[in-house]
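Residue numbers (this note's numbering), protein chains in the order written: chain Z, 39 to 311; chain W, 4 to 283; chain V, 12 to 270.
One should not assume that every hint holds.
[As the list claims (entries may be wrong)] Straight-line Cα separation of at most 30 angstroms, DSBU-like style, residue types lysine-lysine; simulated pairs:
1. Z/Lys110 <-> W/Lys105
2. W/Lys95 <-> W/Lys105
3. W/Lys201 <-> V/Lys185
[Unchecked claim] Sample of chain W residues with no beta-carbon within 10 angstroms of chain V, all distances over it, derived:
4. Lys29
5. Val67
6. Asn88
7. Glu111
8. Arg160
9. Trp162
10. Gly167
11. Arg190
12. Asn192
13. Arg200
14. Lys201
15. Met231
16. Ser242
17. Asn248
18. Asp275
19. Lys283
Since the hints were derived computationally from the structure, they do not count as laboratory data. Positions of the beta carbon are idealized from the N, C-alpha and C atoms, including for glycine.
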Amino acid sequence: MKRIIFSILTVALAATCSFEAMGWGREGHAAIAYIAECNLTPRAKANIEKCIDGHSIVYYASWLDYHRKEYKRWDKRAHVAYYDLETKRPIGKAIKNLHESIDLLSDYENLTDSVRKVNIYFLVHTVGDYHCPGHVTFFESDGTTVAHKTSYNVRYLNEKAPRNYHHVWDGDILATNHGNWSYMDYAYNLDSGLTQEQKEAMIQGTVDDWLADAATNSLVIYERVPKAPKNAELSELPHVDRNMVNDFGELADVQIEKAGVRLAKILNDLFDK
Amino acid sequence: MKKIYLLLLSALAFAPAANAWDGAIKTGIAAIADANLTSTAKKSIDAALGGHSITYYAYWLDNVSATEGYTQTKSWHYVAFTAKNKLIPAKKTAKSKVEIVKSAQAYEALVHAVEVLQNRGNATKEEIADNIRFVVGILADLHCPSHYVYADLLPQREWKYYYGNKTYNYMRFWEALAFTNAFSNWRANEFVHQLNRKSEEQIRLLTSGTLTEWIVNNADEYRRIYTMITPDQKFDKKSARLWLNQFYPLSTEYITEAGYRIARVLNGLFDDNVAPVTIK
Amino acid sequence: MKKFILLLTVGLCMAYTSVFAWDGKGHSTIAYIADRHLTPRAKANIAKYTDHHPIVYYASWMDMYRQYPGYEMTHHWHVDYWNESDRKDADGNPAEPIDVHHIKRIMNEMSDFRTLNDSTVLINIKLLVHMVGDMHCPVHTDFPKYRPINVNVRGKKVRYHKMWDGMVVDIEHKGMSPLMLAAELDRCDEAAIADIVKGTPDDWYAESCAAATRAYEMMPKKTVLTTDNYFNAAIEIADTQIINAGYRLASVLNTIFDK
């Protein structure tokens, strides 16, 4: 009977969940985009929406996840930021792509429609991704040896099967803590009360500084949940228990706030003219 | 044991659910409609609904179908069409031996609800409230492609497709998967924020024509869903994603149309400054 | 008999560990309604303690932190009916319902909130935001016919308690976020609100018990029920309780912080 119930749950899950798991999941990305939208100047908002067929940027918050097969340039690696533990700076393709898109959009009026759109979709999504602790890979000083990444299994809450740690950060934390929130609830709870001073503190420095800050904040997820040997039994896996989910939930909320406010800063600089 | 498993599985995956638009979509449609009511219409409608908006009652028609006094509404979720796209009247569908055709009586129920509201001077408070909720529920259903039953496409309603090692029903996909997957993080306000963006001219075009024309045109348009899949189509992760992407813009259009049209009908009924929608 | 007691104990423990009154949606809706009725001064004073978060952010904090080191004692503060031995005070007199007792205690402690340290005030805000909601949930009050029974919700066997904790609101208000639901339910005029918030937590609790009894007695007298009819009536009780809880929470917080 247990097997039947499990099978039904699996089918139900497969039927109602998206086909793929993505950074922050739909909820988190939409929340970040909406927080950004709430912080856009009216002129920037109007100019952006003219470029994307009158839609809100939230409409395209997960576009990059769902079109990665058609746009090979932005393959899996573009969704993950690399960070050098030695120099304490972001490195690699992700940050390069981000700068490229910002540079391109600085002259957005002279771009073709499609290039303009795709680069907006890219920014809206990846600024969120790079603030997701599961989407930062840490490198040793040689720049090639991976020190930390979330590609290992953990025991999540009271589950009886191992769960991929990346998946935990791709949506489980938010779903567990804020399962009833829509993206407007996120904005109300995380952004509406932020003071101007708090927002200004978040956008101090450069884009590279922001990614470095996001990476530094993310290190704690490896300190508290160290990698277990590859073939470890469930009981030997690190346990992400309810208390840890609470702490990680607070971290996730802060990262979402920052990502939203910082995305708005990038877009205001580009489109408020 | 295997038999129980199969039974349960079929019940879950293949049940011909009468609840079009799973997830939050009907609430979204009602909220778009609510946002497009004139202030006069909204005031009268909210008063008729005991202070609640139509959004509050978005799933009411689905929820009352098992309730005493409302069991007749079980047949109000589908419409049937011939191969030449002619609406099959309820008096004929009621005689069908095919269960889904038999229950295709939504058009007549909708027309009746509109007529009751047109002549609401003779109706009780309860009848007015019920018929507002009928209009909201039925028109939302009639913008969901799987709620159109085509006499020439009955076997296609049984089409299955495969993802990984699982089997899915294509009709169920239209009621749930295509939409809840695409809009899983939207609730009522979010649908309004995302989709209530048409210009006045676009809204005028979407809501022009008669109530019957909308439904006949929908029937014509929704036939296309049978060209978007082949029977027993198999998907892997990549092809599934490419396939799903084509439904997103399509489904947003259907949902948006439903919202604007419900508002158009209710504005015509409850605001004297708006011309009533013609039925035929 | 031993087996029966064991089964009963296991059953009761199961019921107890799943006591998340209203689930997230109901609690958030209550907090949103309250948030809409905080006076500007109360809101500003509360914001000094909650960083930048509105009170809604803490609507389910007590559920999330009930086992967190240092907060274990709050595990028992969600319900009013649980432990028989707790129901008598040291003199053998009937004890106050647990969460009502703590609501009153906190209201008293917070009457001069500026003398308390910041973390105490914040914790008290988190507790009030949740417990005023809990107190209005029919299965979190003490009512005479409460039994840990199972019911059949659309083919699924669930605890009566669980059904009321979340399913009534979730099913009947499918597609509404808490933000939207609060706007939909918050439609009382000033006179009606004044009427709802009059009285004391003891009076509110007595009303909740009456609502709980109504909800229970509406059920067909079978352990398994078809719930569509039931849900259509139950949601009226649930909505009323949520609205009452929201206005009363605002009233409690305004009394404390609007000064």
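Going through the hints against the structure:
no., hint, verdict
1, Z/Lys110 <-> W/Lys105, "violated, 49 angstroms"
2, W/Lys95 <-> W/Lys105, "holds, 8 angstroms"
3, W/Lys201 <-> V/Lys185, "holds, 26 angstroms"
4, Lys29, "violated, 6 angstroms"
5, Val67, "violated, 6 angstroms"
6, Asn88, "holds, 32 angstroms"
7, Glu111, "holds, 24 angstroms"
8, Arg160, "holds, 23 angstroms"
9, Trp162, "holds, 26 angstroms"
10, Gly167, "holds, 25 angstroms"
11, Arg190, "violated, 4 angstroms"
12, Asn192, "violated, 5 angstroms"
13, Arg200, "holds, 19 angstroms"
14, Lys201, "holds, 21 angstroms"
15, Met231, "holds, 26 angstroms"
16, Ser242, "holds, 30 angstroms"
17, Asn248, "holds, 24 angstroms"
18, Asp275, "holds, 25 angstroms"
19, Lys283, "holds, 32 angstroms"
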